[in-house]
Amino acid sequence: MEKRVIFKGVWLPLLLIAPQMLITAVFFFYPAGQAVWQSLFIPDPFGLSMQYVGLGNFEYLLSDPYYRASFLTTAIFSTLVTLVSMGLALYLAVLADRLIKGSGTYRTLLIWPYAVAPAVAGVLWMFMFNTRVGVITWYLGQLGYDWNHVLNGTEAMGLVVIASAWGRISYNFLFFLAGLQSIPRSVIEAAAIDGAGFWTRFRTIVFPLLSPTTFFLLVVNIVYAFFETFGVIHTITAGGPQQSTTILVYKVYADGFVGQDLGSSAAQSVILLLVVGALTVLQFKYVERKVHY
Amino acid sequence: MKLRISALALTAALAGQSAAAQTEIEFWHAFTGRLGELVAEQVETFNASQSEYTVTASHKGNYSETLNAGIAAFRAGEQPDILMVFEVGTATMMAAKGAVKPVYEVMADAGAAFDPDAYIGAVKGYYTDTEGNMLSLPFNSSTPVLWVNEDALEAAGIARDVDLSTWEQVGEVLTTLKDSGNDCPLTTAWQSWIHLENLSAYHDVPFATQENGFAGLDTELALNGPVQVKHIETMGQWAQDGKFIYAGRRNEGGANFRAGECALFTESSAGYAGISSEAEFDFAVRPLPYWSDAEGAPQNTIIGGASLWVMEGQSDEEYKGVAAFLNFLSSPEIQAKWHQDTGYLPITEAAAELTREQGFYDENPGTDIAVIQMTSKAPTANSKGIRLGNFDQVRGIIDEELEAVWSGDKSAQEALDSAKTRGDQLLRRFEQANR
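First to last, the sequence lines map onto chains P and R. For the first sequence, my numbering begins at 1 and goes up steadily by one. For the second sequence, my numbering begins at 294 and goes up steadily by one.
Honestly, the hints are just simulated from the structure, not real lab data. Accuracy of the hints is not assured; some may be wrong.
Residues of chain R clear of chain P, computed beta-carbon distances all greater than 10 Å [stated by the list, open to error]:
id, residue
1, Ser344
2, Gly391
3, Asp685
4, Asp710
To list a few chain R residues with every Cβ distance to chain P over 10 Å, as calculated [stated by the list, open to error]:
id, residue
5, Gly329
6, Gln343
7, Leu360
8, Tyr397
9, Ala405
10, Asn426
11, Ala508
12, Thr668
13, Ala674
14, Ala697
Short, incomplete list of chain P residues facing chain R, as computed with Cβ under 10 Å [said to hold, decoys possible]:
id, residue
15, Gly47
16, Leu48
17, Gln51
18, Gly56
19, Leu62
20, Tyr66
21, Thr131
22, Thr235
23, Ala238
24, Ala254
25, Asp255
26, Phe257
27, Gly259
28, Ser264
Each residue gets a CB set at the ideal place from its N, CA and C atoms; glycine is no exception.
Use the sequences and the hints to build the structure in full.
Below, the structure is given as structure tokens:
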């Protein structure tokens, strides 16, 4: 029978969860509540007056074809960032896991990019791909490819995906490597003795045993792609050309902090909150079933 | 013992005096690099020139960030005395009654000498309300001009002094440049400001209704008229032909021009500081071209840049200091030096006159072109300036639509029509927020 540990009384457990509840209340519930409240108004930037518009901000947003398009942009962007950063990280982790000599050096080198802030990473990539003076642009030019992410939406999307995924690879790499190293050698060795090749072992043993790590990273990376990439987008494309890289969170930032349209910005963050909440619920409901702990 | 006490008393008295004597004036600006140094120099000169006030200048990021810092500070009750706001934020500041104290009021309350007529009309007009009251003090104002790499012209077999007054002539020169193998015949900075806002003013057609927004918040964009469509269509064709190279929304093209890659460059007159220090070729300044078949062209161009807004909620003592500082900034000597160092326009007639007397224009030919371009004709309702709410975002929309033209995705008419529809929505929101 399962052993259940229950505290006696009410006050001690309440006291024990109080710090976490307090932090959540101050840093999440309060600002989220403010956002919901503000989304019902069109305030002027200085906070001198507010016009109550009910759901007017939401109507305004949802009737804007560019805003609706930015859902698709966000979906494409987040999927690509998550796939690229997790895929490459897993590949590198598998390689590093098989290394015997010098694995420490490789690991350190691979973890480095994580220390680079997204905005700085954005600037680095922007310079490499600068349409006139960028090193990579120049090489591409030598190969006969005319790179111009300033006007070409697909190239712009590619560039922000690379720049956003790059720093993230390190983070994912760390977790994948730790996950790989916690898989018991004996299981793999047993499979090897049974004649399973590398791919069979990876597919049938390693990957399933890695699934808790993969699931955790999936959730964390999607949240990253949704919320924390605006620094990269701001420095590289500012959402352009023609909004082809305007993801939802960048529009929240641009409308609120550049455009001073706090009502619309608040409404957008409410929508974003709902989207990410729904996504996380879906992930836990459907993807987590496939996870073996 | 006695001696020690009296010494203490003296120290206390002195300390008390200096504390009472120095009223601190906070000034937030958006300048870095050479411009930041020049602002710091102005502030130091002012602080050294008198003992009543100390101006503390702080850099708060780029134009948008400075405005945001000011707004956030106001909400928290920590606003500076003086806030630098770029021309795009003018409507936002004007609508914020209760947050800003108009400059004419500051001057009147402080009993400071203030003559609005001393300021150059085209500069002053931008920051003046419909009753003719000056609301903010123009600080750095520039206007777009055509920068020419004369070496590049010569390399293509074009005369160095070729006439580039009209866009028709520019078109022919671009063709010659392209045919001779030039990779970047023309590039631009600030496309909306130069190729739509200034284009409209220069050809005396409206950019927006209600006198470009000066006469009321119920303004709508009018940037899809025949003059604008023709210009953008031509630029779009040039972009397709590789004659116009688009580098980015801000002044990214400047790097290419200064490196000698581009032959022609439409950019603010304030590009002077950078171009004169970096360019290793013979450059020249020409007036912004116009379409010869447009009636009334060339009218005058309008300004870009920033002005200084005085924030509400400070003590009378501080406002006196602000008035003194603003008067100091517009004095002919300070303005003339600023104009000559930076390429920004002199904001007063006296400063322009002083610069002429000092022989600066003779030594640096072309530096007066911006001044002439701005002041040769009295501004009309279409060329006074532009005052739109949410203008930063409206410009963002215009940038997007123009990019669609440069890449060949949209025709000029489609893009400008769409810019109008989308921009008008933002104008309506601004109207709603400031009812």
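Each hint, compared with the structure:
1. Ser344: 34 Å, holds
2. Gly391: 5 Å, violated
3. Asp685: 6 Å, violated
4. Asp710: Given a closest Cβ separation of 14 Å, the condition holds.
5. Gly329: Holds: least Cβ distance 20 Å, greater than 10 Å.
6. Gln343: Non-interface label stands for Gln343 (chain R): nearest chain P Cβ at 32 Å, farther than 10 Å.
7. Leu360: Check fails; 8 Å does not lie beyond 10 Å.
8. Tyr397: At about 20 Å from chain P, Tyr397 (chain R) clears the 10 Å cut-off, so the statement holds.
9. Ala405: Label holds. Min Cβ-Cβ 26 Å, cutoff 10 Å.
10. Asn426: 20 Å, holds
11. Ala508: 20 Å, holds
12. Thr668: Thr668 (chain R) is indeed farther than 10 Å from all Cβ atoms of chain P, at 33 Å.
13. Ala674: 27 Å, holds
14. Ala697: At roughly 5 Å from the nearest Cβ of chain P, Ala697 (chain R) sits no farther out than 10 Å, so the non-interface label is violated.
15. Gly47: 5 Å, holds
16. Leu48: 5 Å, holds
17. Gln51: Since chain R brings a Cβ to about 6 Å from Gln51 (chain P), closer than 10 Å, the hint holds.
18. Gly56: With Cβ-Cβ at 8 Å, under 10 Å, it holds.
19. Leu62: 13 Å, violated
20. Tyr66: 7 Å, holds
21. Thr131: 7 Å, holds
22. Thr235: Since chain R brings no Cβ nearer than about 12 Å to Thr235 (chain P), farther than 10 Å, the hint is violated.
23. Ala238: 7 Å, holds
24. Ala254: 7 Å, holds
25. Asp255: 7 Å, holds
26. Phe257: 6 Å, holds
27. Gly259: 4 Å, holds
28. Ser264: Because about 7 Å separates Ser264 (chain P) from the closest Cβ in chain R, which is inside the 10 Å limit, the hint holds.
In summary, the structure is inconsistent with hints 2, 3, 7, 14, 19, 22 from the numbered list given earlier, while agreeing with the others.
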